[in-house]
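Visitor: Next come the chains, spelled out residue by residue.
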Amino acid sequence: MTDVSAVDANSATANDAGEADERLAYRSIFQRLFIRPEIGAIIGAIGVWTFFWAVSLNFGTTGGTQNWLDSASTLGIMAVAVSMLMIGGEFDLSSGANTGAMGILFILLIRETGELGGLGASIWIAVPLSFAFAMAVGFFNGWMVEKTALPSFIVTLATFFILKGAKLGLAKLIVGQISVTFTNDAHGYAFWQRIFAAEWERNSHVWNGRDLFYIGMFLVGTILITLSVCEMHFVRRSEPKPAGLGLFGLGMAGFVASIVLFHTTDGVGANFVAAAVLAVSVVVAMVGFGQWRYEPVAAAGGLRLNAGITNYLVAGLVSIGIAVACAFAIDSANSETLFFPFTVQGLRAVLIMVFVGVGFMLAMVAANRALSVNPITKGAVSTVIAAALAGFAFVVRASSEAAKFRTELFSVLLLCALALFAWAVLGTRFEERRRTDASADRLGTRGLLLGVALLVFAVIIRHLFVTDAELEAGVNPAKFSVRMLWFFGFTAVMVWILGNTRFGSWTFAVGGNKEASRQVGVPAARTKTQLFMIVSGAAWLVGMLLAFRLNSLQASAGDGEEFEFIIAAVVGGTLLTGGYGTALGGAIGAAIMAMSAVGIASARWNSDWRFVFLGVILLLAVISNRAIRDRADSARR
Amino acid sequence: MADQHLLELDNISKFYGNIIALKGVSTVVNAGEVTCVLGDNGAGKSTFIKILAGVHQQSEGTIRLNGEEVMFNSPRDALSAGIATVYQDLAMVPLMSVWRNFFLGAEPTKRLGPFKWIDQSTAKQIAKEEMAKMGIDIRDTEQAVGTLSGGERQSVAIARAGYFGAKVLILDEPTSALGVKQSGVVLKRIVEARNQGLAVIFITHNPRHAYPVGNRFLILNRGQSMGSFAKEDITIDELTQLMAGGAELEALEHELAAATGNGNGD
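Chains as they are written, first to last, in our numbering: chain A, 1 to 637; chain B, 1 to 266.
Bear in mind the hints are in silico, worked out from the structure with no lab data behind them.
Don't take each hint at face value.
With the Cβ distance kept under 8 Å, some of the chain A side facing chain B (calculated, not the full set) [said to hold, decoys possible]:
id	residue
1	SER258
2	ASN513
3	VAL520
Every residue, glycine too, gets a C-beta built ideally from N, C-alpha and C.
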């Protein structure tokens, strides 16, 4: 090593300049995922979904999904818009009342004149006219905030009262009551009804090939995600070894065979065979893939445990053990109420989940620590955890009554164990990447996104169609409203705008440091006004969705919901002080809130508890968001 | 002779009502030179740069750019005339990434029909290159500006001003919040910007920072100009004297000596 002194000299001068010692360390794919602002919300959403899936009968069914997605849609459209406004450093307290106001305005515009009251305008005029009015309200909010330089809290509070009063006053003045309705025989009604309130009835769309398609999509998606994560995690070989592809093909063949075996045979023995084939072939395929593309590990080392590792591992295993004991000790069929809100079986489920969750996390800490020793140790610890997880899966299967636990949870747990084991094996064989590789990251990111999209698509297809077998068994009807499409579309557009356009960049800038952005030439006033107009436009969209759903609206519709929008945005990781957050986070926050509202109802608890739940979620979200942001922020301090 | 100066300030005054913030300040600024504006707190330094940056307008006096009389009515005016200001608070958004801050307000875009979006790869590339020219190797332009050190932030701001075609670069107290080493880094950047042909106006209250890099010194005290000197006409001690208002500092020194001599500060 001749150039050691040179390197030292370099770093010494660089240290004098106060720069090189502050360089970023390489972040692995997992670390990068964990500092995204939405990550807290995503984990929270999975947690809340799992919780209600476990404690309520029909939350996880298509009917339940349709229920919470439906209420997430209107809430989510507003939450996404409000998130953007909050990133821009402002609040809009009139957004809730605005949704109802736009719907009422629209109805009053198209109602017949005469005895019924109203203006009798054509629906074709009323739709753009009410939209123009929404833009005007948004512009007014933004303009007032900019001109008066008052906090937007105060200005939009005034707008809120104006809208709330005008809604009531106009409704009473024109219709004579606080509920306004319209008839569906107007010209153009059918067209606009399809746009804002079309419905998809699941039970009239039969597709017997659905499950095959679902499983196929699901598997392709999972494989894509797995390989993409590998691509972003390991060091690429300078010269690929095509021999590995043979092994990969062999593994994939076994994989497909095992899936076919699962599907065509029934019976415990055959299932075990299939599961074993599946496990072996997954590992074989991944190792083959790795040999083709990635550098073999330089120094695997030998098994070296230290107290830091074993303590955590043992603690984790003990915790999982306690969960197993609970599973067998408490009667799973006993649905007596022990103390509110727990039945005996509910308490059992919660105890099991908590102990397993804690145990798993402790064990993962051990695995993480083992990583700093050497790859073999990490592999060994991970294998132990995978085995514990697999064991727990069988405990769940043996001790549970409900089909969802016996089959769904069982399979998911087994697959997780398998994934963990396969990852452990790969880690002992291939070199982990410790520096940036832009081309690998790009490829990996694309693959990852495509994989996630396929999974989402698979789930959507599964919910949209019904099979003959299900119909015979008497499955509940489910109707999906087009408002969900509006929700997804609006979110996608806003995510794109925020991340990729100048307007998006300026939104972050005016929220983060308004004076600074003005100094460098960002049109701060215009950006903020446009943000207010986006919120008002979203309120108009929601107003249309509400009006066309029931052909009638209460004058109080939407009042007071503005805080739910703000809560959803905060739960989604948006900073109350502005300058940080995402649009996607707002959508996920809305999903969490809708899930908790629907979940509590479907778990047959008093729906008032929803607010307690909301409060707890909000508190957790704020705390965890702050932790995530601090980590992202202080990466170099 | 007047025509060869890049920027010429003649008898600039600024009144806020009956308060005289700046009175009769004149100096010249040349390309490839550092003009230091020195003064204690309240000397009128901020007013002076705000007039140059177009934030405020002078009440009296003229500004000539390349010999032509100009009036800056807004920061945008000054910016388009090639006068870029790096403020003390840096005009940066701490939670935004380096490249977004670098291009803030002037992002390069791609277009497809009515859709226009930021050309991220170009932006990141340029930001990285421009920072490299300043001698800073930013490894990850995605990193938030808030995580950079003070000296690095100044460097981003200076590199940005240079890239966007500034002819005159005004630096407002760039070293005041920095430690000794970091100040050294910034002073080096100032010299580099000067060597690239920019006219630099360096505002500071620290003569030790100004003297090594400056070609010309404008000294302000209580809103009055104490004169504009070329480097060869003045020493660092004279500079310090003038800044504090000469006689006042001497009187203060006597007082201090007397106080410590008696050992009784009361």
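Visitor: Each hint: holds or not?
Guide: Now the hints, each set against the structure:
Hint status for A:SER258 relative to chain B: violated, with the closest Cβ pair at about 41 Å, above 8 Å. Against a cut-off of 8 Å between C-beta atoms, the interface hint on A:ASN513 holds, since the closest Cβ of chain B lies about 4 Å away. Restraint check, A:VAL520 versus chain B: the minimum CB separation of about 4 Å is within 8 Å; hint holds.
When the structure is compared with the earlier hints, a violation turns up for hint 1 alone.
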